[in-house]
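Just need the whole structure built from these sequences, with the hints factored in.
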Amino acid sequence: MSDTTSFKELRQLLTKQLSVQEEIYHVAKMVQDTALEKDVTGLSVSVQQQNGLIHASDELERRRKVCVEKIKGIPPREYSLRAVAAVAPPEEARKILSLRKKLKDAVQKNRSISTENSRIIEANLGAIQKDVEMIAGLSESDSGYTQRRKKISARRI
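Numbering (our numbering), first residue to last: 878 to 1034.
Careful, some of the hints might be misleading.
[Unchecked claim] So the derived label-pair ranges between C-beta atoms look like this: (1) K979 to V922: 40 to 46 Å; (2) R959 to I931: 22 to 28 Å; (3) S921 to V984: 29 to 35 Å; (4) Q925 to E993: 15 to 21 Å; (5) K947 to G1003: 48 to 54 Å; (6) E914 to V964: 49 to 55 Å; (7) H903 to A1000: 19 to 25 Å.
[What the hints assert, rightly or not] Below, computed lysine-lysine pairings styled on DSS-like, alpha-carbon distance capped at 25 Å: (8) K915 to K981; (9) K906 to K893; (10) K893 to K978; (11) K893 to K1007; (12) K1007 to K885; (13) K986 to K949; (14) K978 to K942; (15) K885 to K972; (16) K947 to K981; (17) K986 to K906; (18) K947 to K979; (19) K942 to K893; (20) K942 to K981; (21) K906 to K972.
Don't read these hints as lab results, they were simulated from the structure.
None of the values given here were measured: they were computed from a predicted structure.
Glycine residues also receive a C-beta, built at the ideal position from the N, C-alpha and C atoms.
Okay, here's the thing in C-alpha coordinates:
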(Lines of atoms letter the chains of each structure in order from A and count residues from 1; the text may use other names and numbers.)
(Lines give C-alpha, C1' and ligand atoms only; values in the text may rest on other atoms or scores of the structure.)
Protein backbone atom coordinates (compact mmCIF):
# COMPACT_ATOMS: atom_id res chain seq x y z
CA MET A 1 0.00 0.00 0.00
CA SER A 2 1.53 3.36 0.89
CA ASP A 3 2.80 5.37 3.79
CA THR A 4 1.41 8.54 5.32
CA THR A 5 4.19 10.57 3.69
CA SER A 6 2.61 9.95 0.28
CA PHE A 7 -0.78 11.09 1.56
CA LYS A 8 0.81 14.18 3.07
CA GLU A 9 2.57 14.90 -0.24
CA LEU A 10 -0.75 14.49 -2.06
CA ARG A 11 -2.47 16.90 0.34
CA GLN A 12 0.32 19.43 -0.18
CA LEU A 13 -0.03 19.15 -3.95
CA LEU A 14 -3.81 19.50 -3.74
CA THR A 15 -3.41 22.54 -1.50
CA LYS A 16 -0.99 24.10 -4.00
CA GLN A 17 -3.39 23.31 -6.83
CA LEU A 18 -6.22 24.95 -4.92
CA SER A 19 -4.06 28.01 -4.29
CA VAL A 20 -3.16 28.25 -7.99
CA GLN A 21 -6.82 27.84 -8.99
CA GLU A 22 -7.77 30.66 -6.61
CA GLU A 23 -5.03 32.84 -8.12
CA ILE A 24 -6.29 31.96 -11.61
CA TYR A 25 -9.73 33.19 -10.55
CA HIS A 26 -8.23 36.41 -9.19
CA VAL A 27 -6.42 37.03 -12.47
CA ALA A 28 -9.51 36.05 -14.48
CA LYS A 29 -11.40 38.70 -12.52
CA MET A 30 -8.70 41.21 -13.54
CA VAL A 31 -9.13 40.04 -17.14
CA GLN A 32 -12.84 40.68 -16.83
CA ASP A 33 -12.33 44.15 -15.37
CA THR A 34 -9.88 45.14 -18.09
CA ALA A 35 -12.13 43.67 -20.77
CA LEU A 36 -15.05 45.71 -19.46
CA GLU A 37 -12.86 48.81 -19.48
CA LYS A 38 -11.65 47.89 -22.98
CA ASP A 39 -8.06 48.22 -21.78
CA VAL A 40 -6.27 46.18 -24.44
CA THR A 41 -2.80 46.44 -22.88
CA GLY A 42 -4.04 45.51 -19.43
CA LEU A 43 -6.06 42.68 -20.94
CA SER A 44 -2.99 41.29 -22.69
CA VAL A 45 -0.90 41.40 -19.51
CA SER A 46 -3.66 39.76 -17.45
CA VAL A 47 -4.24 37.01 -20.01
CA GLN A 48 -0.50 36.26 -20.13
CA GLN A 49 -0.44 36.08 -16.34
CA GLN A 50 -3.46 33.77 -16.35
CA ASN A 51 -1.83 31.49 -18.93
CA GLY A 52 1.31 31.25 -16.77
CA LEU A 53 -0.79 30.19 -13.80
CA ILE A 54 -2.63 27.63 -15.90
CA HIS A 55 0.71 26.12 -16.93
CA ALA A 56 1.72 25.98 -13.25
CA SER A 57 -1.57 24.24 -12.46
CA ASP A 58 -0.96 21.72 -15.25
CA GLU A 59 2.48 20.93 -13.80
CA LEU A 60 0.97 20.42 -10.34
CA GLU A 61 -1.63 18.12 -11.88
CA ARG A 62 1.14 16.04 -13.45
CA ARG A 63 2.91 15.81 -10.09
CA ARG A 64 -0.36 14.90 -8.37
CA LYS A 65 -0.86 12.01 -10.78
CA VAL A 66 2.63 10.71 -10.01
CA CYS A 67 1.94 10.99 -6.28
CA VAL A 68 -1.36 9.14 -6.60
CA GLU A 69 0.33 6.47 -8.70
CA LYS A 70 2.78 5.92 -5.83
CA ILE A 71 -0.09 5.64 -3.37
CA LYS A 72 -2.28 3.35 -5.44
CA GLY A 73 0.40 1.52 -7.35
CA ILE A 74 -1.63 1.72 -10.55
CA PRO A 75 -1.38 3.88 -13.67
CA PRO A 76 -2.79 7.43 -13.25
CA ARG A 77 -5.53 6.97 -15.85
CA GLU A 78 -7.15 4.31 -13.65
CA TYR A 79 -7.48 6.26 -10.43
CA SER A 80 -9.51 8.98 -8.82
CA LEU A 81 -9.09 10.87 -5.58
CA ARG A 82 -12.04 8.91 -4.23
CA ALA A 83 -10.12 5.70 -4.93
CA VAL A 84 -7.12 7.12 -3.09
CA ALA A 85 -9.32 8.18 -0.18
CA ALA A 86 -10.68 4.62 -0.03
CA VAL A 87 -7.20 3.28 0.78
CA ALA A 88 -6.15 6.19 3.00
CA PRO A 89 -6.41 6.26 6.77
CA PRO A 90 -9.76 7.87 7.78
CA GLU A 91 -8.31 11.26 8.78
CA GLU A 92 -6.22 11.47 5.59
CA ALA A 93 -9.25 10.43 3.53
CA ARG A 94 -11.35 13.20 5.06
CA LYS A 95 -8.68 15.83 4.31
CA ILE A 96 -8.14 14.58 0.76
CA LEU A 97 -11.87 14.53 -0.01
CA SER A 98 -12.28 18.01 1.47
CA LEU A 99 -9.47 19.35 -0.72
CA ARG A 100 -10.94 17.50 -3.70
CA LYS A 101 -14.28 19.26 -3.24
CA LYS A 102 -12.68 22.69 -2.80
CA LEU A 103 -10.52 22.12 -5.87
CA LYS A 104 -13.50 21.02 -7.97
CA ASP A 105 -15.45 24.09 -6.84
CA ALA A 106 -12.51 26.38 -7.69
CA VAL A 107 -12.12 24.81 -11.14
CA GLN A 108 -15.85 25.22 -11.82
CA LYS A 109 -15.70 28.85 -10.69
CA ASN A 110 -12.78 29.42 -13.08
CA ARG A 111 -14.63 27.78 -15.95
CA SER A 112 -17.63 30.03 -15.35
CA ILE A 113 -15.64 33.26 -15.26
CA SER A 114 -13.59 32.19 -18.30
CA THR A 115 -16.80 31.59 -20.25
CA GLU A 116 -18.10 35.00 -19.19
CA ASN A 117 -14.78 36.64 -20.09
CA SER A 118 -14.87 35.06 -23.54
CA ARG A 119 -18.36 36.45 -24.06
CA ILE A 120 -17.30 39.95 -22.97
CA ILE A 121 -14.17 39.91 -25.13
CA GLU A 122 -16.12 38.67 -28.16
CA ALA A 123 -18.65 41.47 -27.65
CA ASN A 124 -15.80 43.99 -27.39
CA LEU A 125 -14.22 42.66 -30.56
CA GLY A 126 -17.57 42.99 -32.35
CA ALA A 127 -17.90 46.59 -31.19
CA ILE A 128 -14.32 47.35 -32.22
CA GLN A 129 -14.93 45.79 -35.63
CA LYS A 130 -17.99 48.02 -36.10
CA ASP A 131 -15.92 51.06 -35.09
CA VAL A 132 -13.20 50.11 -37.58
CA GLU A 133 -15.78 49.68 -40.34
CA MET A 134 -17.34 53.03 -39.47
CA ILE A 135 -13.95 54.77 -39.48
CA ALA A 136 -13.06 53.12 -42.78
CA GLY A 137 -16.40 54.23 -44.22
CA LEU A 138 -15.85 57.79 -43.04
CA SER A 139 -12.38 57.97 -44.52
CA GLU A 140 -13.67 56.61 -47.84
CA SER A 141 -16.48 59.16 -48.02
CA ASP A 142 -14.08 61.86 -46.92
CA SER A 143 -11.58 61.08 -49.68
CA GLY A 144 -13.39 63.37 -52.13
CA TYR A 145 -13.18 66.26 -49.69
CA THR A 146 -10.46 68.26 -51.39
CA GLN A 147 -8.99 71.59 -50.44
CA ARG A 148 -11.21 73.26 -53.06
CA ARG A 149 -14.38 71.70 -51.61
CA LYS A 150 -13.23 72.75 -48.16
CA LYS A 151 -13.06 76.40 -49.31
CA ILE A 152 -16.50 76.16 -50.92
CA SER A 153 -17.96 74.66 -47.74
CA ALA A 154 -16.32 77.39 -45.66
CA ARG A 155 -17.87 80.12 -47.83
CA ARG A 156 -21.36 78.69 -47.23
CA ILE A 157 -21.00 79.14 -43.50
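Tested hints:
1. K979 to V922: 40 to 46 Å: 28 Å, violated
2. R959 to I931: 22 to 28 Å: 25 Å, holds
3. S921 to V984: 29 to 35 Å: 24 Å, violated
4. Q925 to E993: 15 to 21 Å: 19 Å, holds
5. K947 to G1003: 48 to 54 Å: 50 Å, holds
6. E914 to V964: 49 to 55 Å: Between E914 and V964, where Cβ atoms are some 50 Å apart, the hint holds.
7. H903 to A1000: 19 to 25 Å: The hinted range 19 to 25 Å holds for H903 and A1000, with Cβ atoms some 23 Å apart.
8. K915 to K981: The hint is violated at about 31 Å.
9. K906 to K893: Holds: K906 and K893 sit about 20 Å apart, inside 25 Å.
10. K893 to K978: 14 Å, holds
11. K893 to K1007: Violated. K893 to K1007 sits at ~43 Å, over the 25 Å cutoff.
12. K1007 to K885: Distance ~55 Å between K1007 and K885 Cα, so the pair is violated.
13. K986 to K949: 29 Å, violated
14. K978 to K942: Status holds; Cα separation ~17 Å.
15. K885 to K972: 10 Å, holds
16. K947 to K981: 22 Å, holds
17. K986 to K906: 11 Å, holds
18. K947 to K979: 23 Å, holds
19. K942 to K893: OK: K942 and K893 at ~14 Å, within 25 Å.
20. K942 to K981: 16 Å, holds
21. K906 to K972: With Cα atoms ~29 Å apart, K906 and K972 exceed 25 Å; violated.
Consistency note: the structure conflicts with the earlier hints numbered 1, 3, 8, 11, 12, 13 and 21.
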